[in-house]
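Visitor: The chain contents come next:
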Amino acid sequence: MGWKDVALTKKGNAVLLNGNEAIARGALEAGVCYASSYPGSPSSEVIDTLSKISSSDLYVEWSINEKVSLEGAAAASFAGLRSMCVMKADGLNVAFDFLTSMNLGGCKGGLVIVVADDPLGHSSVKEYDSRYLAKAAMVPVLEPSTVNEARDMVIQAFDLSEQLKGPVMLRSVTRVSHTRGLVTLNKLPKMRRKAEFPAGECFLTKTIFHMKARDRLDKAAVIIEESGFNYYEGFEGADTVIFCCGTSLLYAREAIKTLGLQNEVKVVKVGTTLPLPEKFILNHLQEASNVIFAEEIRPFLEESIMILSSRHNLGKARFYGKITGDVMGLRGPACGEMNADIIIKVLANIKNLYYRTPGYDPEVKEELGTMIPPREYAMCPGCPHRASFWAVKTAIAVDGRDCIVAGDIGCYCLGAWDTGFNLFDTLHCMGAGPGIASGLSKLGRFGLERPTVTLVGDSTFYHAVIPGLINGHYSGSDYLCIVLDNSVTAMTGHQPHPGTGINTCGEPATTVPIEKIVAGLGIPCKIADPFDNKNATECIFEMLRKPGVKVLILRQECALVQARKQGKKKRRVYVDQTICRGDTCGCGRFCTSVWGCPGNIWDPVNGKAAIDEAVCVGCGVCAALCPADAIVVEEVY
Amino acid sequence: MKEPLNVVIAGVGGQGNILFSEILAKAASVENFKVTVGESYGMSQRGGSVSSHVRLSREFLYGPIIPAGSADVIVGFEPVEAARAALEFGSPDVKIIVNPRPVYPVGVLMRKDIYPEIIGLIKKLKEISEQVVLIESTELATKAGNPVAQNIVMVGALAGSNYLPIAKEAFEEVIINVVPPKALELNQKAFLMGIEAAQELIA
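The listed protein sequences correspond, in order, to chains U and E. Quick note, the first sequence lines up with residues 1 to 637 if you use my numbering. Quick note, the second sequence lines up with residues 638 to 840 if you use my numbering.
Some hints here could point you the wrong way.
[As the list claims (entries may be wrong)] Computed list of lysine-lysine pairs in BS3-like fashion (alpha-carbon distance at most 30 angstroms, straight line): (1) E:Lys819 with U:Lys4; (2) U:Lys4 with E:Lys805; (3) U:Lys570 with E:Lys819; (4) E:Lys761 with E:Lys639.
Hint data in this document are derived by calculation from the structure and do not stem from the laboratory.
Using the sequences and the hints, build the whole thing.
Guide: So this is what it looks like as structure tokens:
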């Protein structure tokens with residue numbers, strides 16, 4: 001519901017927003033005209049929010065991948081408009097070729113690239129520090145610490161971009177993007193800009209423009225030295241300094257407060273980690289005896305400050321960071337998330353303080369710990385992917401040639417976990433499955449005889465699968481590409497894509513059906529319903545045995561979308577316990593122990609299967625698979 | 638008042654954890670607290686554990702992660718998730734409000750892991766914590782009209798517990814603002830049932 005608060009025109013109101021909503025608000029306050037993105041957690045809510053308040057003054061787009069998304073946003077900037085492109089860290093890789101080209105020639109209207117990193121990989125297959133890419137691309141980086149500052153920094157990033165005539169990156173992390181805090185609204189601008197692309201004004205990439213990019217960073221260094229992005233807190237003459245950026249500022253403050261070290265430790269907040277505000281940092285570095293670095297993921301700030309220190313021959317201070325191995329959580333240095341406990345530990349060590357972590361005694365924790373089973377990821381009740389995975393698993397077993405399964409990125413990456421029957425042999429990035437399947441299919445001459453299947457999603461298909469298919473078809477590869485088509489970009493919160501027939505703002509749009517693209521490529525294509533599991537299994541089995549590249553679309557709408565549309569359940573599913581044979585059946589409790597849907601539970605009292613009707617969505621696939629036909633599907637009117 | 642007040646809301650994807658923390662944070666800001674909510678819901682749609690950290694302070698803007706052992710109140714939508722939160726953030730001073738209805742992890746269904754006996758688990762939590770209050774929020778929400786409103790029953794239970802210096806009226810005001818009008822009556826009912834259930838148990 002945050003988008004309503006984001007759209008409020010009245011200034012001075014304090015509203016509770018998450019970091020992504022605050023970034024959306026900041027963009028509006030800065031007069032953004034064009035905002036685009038490909039969905040990716042933890043960044044998706046920025047465009048989810050703006051898509052609800054798009055107007056004649058604001059164009060908002062869910063693009064099919066980050067590269068075209070950034071190209072569109074850059075075009076708006078070339079025409080003098082303020083534009084913003086949003087992505088998760090992994091997405092920056094996709095957009096990177098264009099970014100490194102565009103940043104040479106530069107742009108015109110403020111262009112802000114918001115990249116949300118995901119330390120600890122809350123919703124990613126990798127944790128990844130995008131600042132190193134920004135450094136390679138020579139793009140300045142701003143890092144907000146709080147939700148309110150995220151809003152402020154977006155506005156400043158637009159200004160900086162226009163001063164430099166080049167893009168500026170705002171690096172968020174999960175704990176900014178998915179944190180809620182109070183934001184005091186500024187006023188929204190009234191005037192809108194006119195787009196102009198005068199004849200003769202060019203935006204080109206030439207090697208010689210490398211110098212322009214370098215000079216832009218030099219200019220940025222001067223500007224940020226005078227900006228309010230970088231500041232310190234605490235006792236100026238403190239012998240111990242914590243250099244921090246992003247959320248680590250809050251953890252550092254809390255650590256100091258917890259240990260009562262307000263008069264001994266200074267916090268230096270670096271808002272611009274590229275380029276560094278060198279004079280500002282040197283001021284605080286010169287007199288320090290102990291220097292602690294607190295930042296998310298890799299030692300980016302730490303490396304830069306160490307180089308600065310060595311350039312100025314400041315050999316006096318002892319450094320405590322990820323490189324030295326002093327700053328670390330449970331996963332060791334430079335892996336996982338930052339928190340106050342990590343900084344408390346380092347500070348207590350430096351200051352020789354005894355700090356007892358609050359909480360239960362270790363014996364109590366150990367005992368309680370043994371009672372708590374892990375909660376692994378599970379696919380939703382009624383998820384069509386479960387049915388698709390089961391069909392793939394069964395077809396591979398019948399085929400008997402020990403098929404290799406190349407996975408891809410989406411909800412269905414759970415094919416690499418128990419809930420997806422541990423089906424995947426490979427899992428990497430968007431669109432990697434078809435490329436890997438193609439490569440594996442070429443290895444027969446070297447003795448690898450296992451056939452290959454790749455599982456990709458519908459949104460992934462548009463994002464990155466098509467080149468792999470063309471390459472495979474052209475090079476005479478042999479693999480079956482199964483598109484798990486749940487008709488929405490599900491993982492990131494149900495955004496539309498070209499197959500859905502609606503646009504970013506929910507209006508009717510051109511549909512680009514997957515089957516027509518595949519047919520256009522000259523690749524054989526079939527469509528099946530995973531809920532008709534027997535037929536889907538037969539299709540997979542048959543197609544596996546045919547040569548060349550083949551595509552099978554397993555189409556069934558995401559269970560969450562269906563539930564939302566239907567409101568009430570259409571079918572009631574229950575176990576007829578007079579038919580269920582319990583453990584004497586020989587099925588090994590198929591519905592609970594194998595199938596793994598949260599709706600299928602075991603009734604220990606009767607020793608029979610049961611359905612948790614509060615959870616079951618009524619897809620009825622388990623009824624078709626039950627060997628005893630004990631599960632009943634009843635239409636509800 | 639202790640500074641800051643730390644509340645962990647622990648549950649399973651789909652149980653309405655985010656709405657709960659939004660209501661709590663907005664009610665706290667009505668009472669002029671500086672409030673930070675840290676949410677981890679990356680895999681929430683996939684049946685994983687979901688937890689929110691709500692931090693209330695009169696003087697200081699705290700970070701989105703509660704330090705180890707520093708929760709004052711844990712609201713658990715599911716008993717094992719309440720215990721998991723207690724293990725990391727609980728202490729002998731913690732107060733726990735818990736819905737005892739289990740949501741079995743897939744590893745338990747697949748018989749790889751064992752789900753603890755609820756009575757034993759609750760007994761253990763009672764033994765090591767300041768107070769444990771059992772709220773049959775799913776059943777109460779079903780009575781109110783829809784089991785999905787169990788999170789709002791739990792909002793009521795938190796309001797009725799008086800564990801936090803936030804008036805019931807503040808919660809009520811926020812619920813009116815954040816809940817869609819057509820679901821308001823159901824949610825108000827669920828909220829009141831939560832208050833009553835907590836008051837009976839804590840009185």
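Visitor: Can you give the numbers of the hints that this structure goes against, from lowest to highest?
Guide: none
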